[in-house]
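Student: Residues per chain are reported as follows:
There are 2 protein chains.
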Amino acid sequence: MKKNTLPFLIFVLCNGLFLFSCSTAEAPPNYTQTSDNKTEIPAPEIVLRSIHDDALIGSPAYAQLRYLCKDIGPRLSGSKNAQKAVEYMQRVLDSMNLDSVYLQPVMVPHWERGEKEFCQIIGNDKNKINQKVLDITALGGSVGTDGRIKSEIVAVNSLEDLENLSKKEAKKYEGKIIFVTQPMNAKFINTGSAYGACSSVRVRGANYAAKVGAKGFLLRSLTLATDNHPHTGVMIYEEDGRKIPAAALSTNSANYLEKLLVKAEKDKKPVEIELQMNCETLPDVLSYNVVGELRGREKPEEIITVGGHLDSWDLAEGAHDDGTGCLQSVEVLRLIQNLEARPKRTIRCVLFMNEENGARGAKKYAEIAKEKNENHIAALESDSGGFTPRGFRVQDSTRLKVIQKWQPLFEPYNLHKVEYGYGGTDIRPLGDSGTLLIGLEPDSQRYFDHHHAETDVFENVHEREFLLGAAAMASLTYMMAEYGIE
Amino acid sequence: MKKNTLPFLIFVLCNGLFLFSCSTAEAPPNYTQTSDNKTEIPAPEIVLRSIHDDALIGSPAYAQLRYLCKDIGPRLSGSKNAQKAVEYMQRVLDSMNLDSVYLQPVMVPHWERGEKEFCQIIGNDKNKINQKVLDITALGGSVGTDGRIKSEIVAVNSLEDLENLSKKEAKKYEGKIIFVTQPMNAKFINTGSAYGACSSVRVRGANYAAKVGAKGFLLRSLTLATDNHPHTGVMIYEEDGRKIPAAALSTNSANYLEKLLVKAEKDKKPVEIELQMNCETLPDVLSYNVVGELRGREKPEEIITVGGHLDSWDLAEGAHDDGTGCLQSVEVLRLIQNLEARPKRTIRCVLFMNEENGARGAKKYAEIAKEKNENHIAALESDSGGFTPRGFRVQDSTRLKVIQKWQPLFEPYNLHKVEYGYGGTDIRPLGDSGTLLIGLEPDSQRYFDHHHAETDVFENVHEREFLLGAAAMASLTYMMAEYGIE
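Line by line, the protein sequences are chains A and B. Taking the working numbering, I'd label the letters of the first sequence as residues 3 to 488. Taking the working numbering, I'd label the letters of the second sequence as residues 3 to 488.
Chain A on its own, in the form it takes in the complex (with noise of 0.2 Å):
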């Protein structure tokens, strides 16, 4: 019925279609010869294109993502699910046909919350204060309470306040509980970077109170989110200094508790709380990085590394910190796999070791790689969530320029950025050997509701974003495989 026509077209164009702005799932044939004459190779667009359908249909990577945070769980570094972690991945590798599947023993650090802490507002008649529950984590590395404390709770507006108190000022905090109440910068649009200009709140702030005295030092959670999930993380004793215990508040206890202070200052009726904490260090343990590798067909000695850490915090199950690494790097081997052809360099995934709270994997990879001699000439880190890729950082301004060259075979991926930045901690010491360092730089929005916290959950893992920073992933390593950086 001709006459019809219109309507529907009209409709069809309604409804959020956005038909003009088709990324299309063809790319036109077209092989290239490469270097050495032997191997045939289809240019890179034909193999990005590839990668990204193998991702995007019927990949595993997901449903190994499901176990690793459903049916293991939480895996701080030494305990019996990081071991647990270990084997699985162990066996993940073991299936997929590699040339390498190996672990590398390291020693970690084992430090346990123990019984759930509890923090309270102790109530009080005269000053017509409410007994309140507060929601609060150990901070990982903290000293326990050693039983219940009860102590006047006192508030510093910003680290940098606490750091220059005066030494008049600093006795009113005397064997008190330092509450630091600075928040993450809303303002920054990637909330890495407020994260960044954050943290040293949580790794130091004990210290500083500790030194003037405090008996106990909270701070408020490094997120963006308002609700009830407290944020763990890492936190470090100065060697020669007295060790208090450290935790952090959900925000919503920590907006309840500074408005109550604030309060308090202006009556002059002080704050108590009672804080127990049962979180204690134990010796260190055996542990191992997983490493599988696929070796390359001209130039094996050349070696590209990529990874995610396979720790997490306790709270969850790790799932975007980092069992989305994990995973996707596992995902760039079975990716590259599939290809017609394998690239000239060697390609090696590797599942790191206890990058929450010490590092100790990715400093033996870095040691054992000096010892052996190996040449490295790239790694690619994952440890910033399984959102939607945007594209790479890269941590050396001159070899950007090489991996901004092949931008234009990227960006019908939604991949646009590719900037100077910051690789990955767990790539970190490769890099003193002139190893070029790269992290994946998904979008940032959610990724810190859910940092150290208890929903960081496999259910906040989208499939589909995952598979894309995988597929990003695999592009980028492939075309660094293939082609070089020089």
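Calculated from the structure, these hints are not laboratory results. We put the beta carbon where it would ideally sit given N, CA and C, even for glycine. Incorrect hints may appear among the rest.
[Unchecked claim] Here are the simulated DSS-like pairs of lysine-lysine, each with C-alpha atoms no more than 30 Å apart in a straight line: (1) A:LYS134 x A:LYS245; (2) B:LYS261 x A:LYS72; (3) A:LYS245 x A:LYS174; (4) B:LYS72 x B:LYS178; (5) B:LYS419 x A:LYS189; (6) B:LYS403 x A:LYS407; (7) A:LYS419 x B:LYS407; (8) B:LYS407 x A:LYS189; (9) A:LYS128 x A:LYS173; (10) A:LYS407 x B:LYS419; (11) B:LYS178 x B:LYS134; (12) A:LYS245 x A:LYS169; (13) A:LYS173 x A:LYS265; (14) A:LYS407 x B:LYS407; (15) B:LYS407 x A:LYS403; (16) A:LYS213 x A:LYS265; (17) B:LYS419 x A:LYS403; (18) B:LYS72 x A:LYS261; (19) A:LYS72 x B:LYS271; (20) B:LYS130 x B:LYS173; (21) A:LYS419 x B:LYS403.
[Claimed, not checked] Sample of chain A residues at the chain B side, in silico, Cβ under 8 Å: (22) LEU58; (23) ARG297; (24) TYR415; (25) ASP445; (26) HIS464.
Given chain A, work out where chain B should sit, using these hints.
Tutor: Just chain B now, kept in the frame of chain A:
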């Protein structure tokens, strides 16, 4: 303790910090004189930074979206809720001290679902087929079944196959219910393109089924998610065709039924289903577009429209489709109102009625604009979800270049994609008079998980992602309103 500084530094660099890729919250102060030599306005970098700061700190837009979604809810054209939404949004705009707020009356279709649909496979001991309820939803505009109908169901692979049936083949489908199994193609990187390539199955499928004498039409929901939520959406009968009931199956139900039918075909044992749909089309209803305006300081007769659509499907809260577009458009006015200087041209926020099943509000708005001989230089729509913005789709290749010149201003906000593409359904009729049409392009991965399904609820909108979209729209709107697009 100096000797301890290094480990701290190392650890501050750990845990996913991207210190190197900071997009800082400051911009250098810099003011420029405008062409009129009257108003001193800050440089665009400063304006865009201040728009983003304002959006990210203390915006009321997310709370307004919550009200629209949770306190009002679904707002299908012609429903009581659609009227409540009109009144609420008018109140919001009225409270903003704009230059003008008004309603544009428009008659809209009124389709009602009635009691929820029912669909089940009829069990059959001989065939060893189990009775099983399938998740379905009537398509918007469909007729009902007039009680419960029973029929054999047969599968067709695609709309194209259905369209091209030979007369002989067509006979096989007479009196039966046709199920088109065609899925969205997961290989498209932008999910909108996958939807666009498949949406005619929903819009037109029932007509082709009617032509071969079918009794009913089912399709696989237009989504890339695999779950139990069927997705509705508009379908349109040919004027002189037979009207048969049309519904969508959840992807899980579609997968189940498809497998069953493959087996049944092999065994030559037909499958029967029962279907009941209680929907009907009632007489048109009076409704409204909601309009709020900020007049330009120098060229008030030149108008830039920013908008989204206020109606939604009835299954959920229309959070991403298109509550976010509406509240982002209102937020554009607030953000621009808060600037130091009002831009030269007029900015009009329009909340269109009836995008989903008729686009009557869109047509009415363009019609009145033409009657009044208004000068609409550009229109910007947000109707692709409240996810992290990635750029803009500009529906004119010449004027695209003007917008692309501003791209360096947008990149600090991760808006890298300024490309040719579809503007939006609500602004489309303005295009006939030469208005430049632009669509906000957010990340597309999660949109079709929720689109037209019962999961399109407030909880699935992330506050920062949504606000960054509003700030992106305000940034482009400001540039066009201040600097023009010639």
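Student: For this structure, which hints from the list above don't hold up?
Tutor: 4, 19, 23
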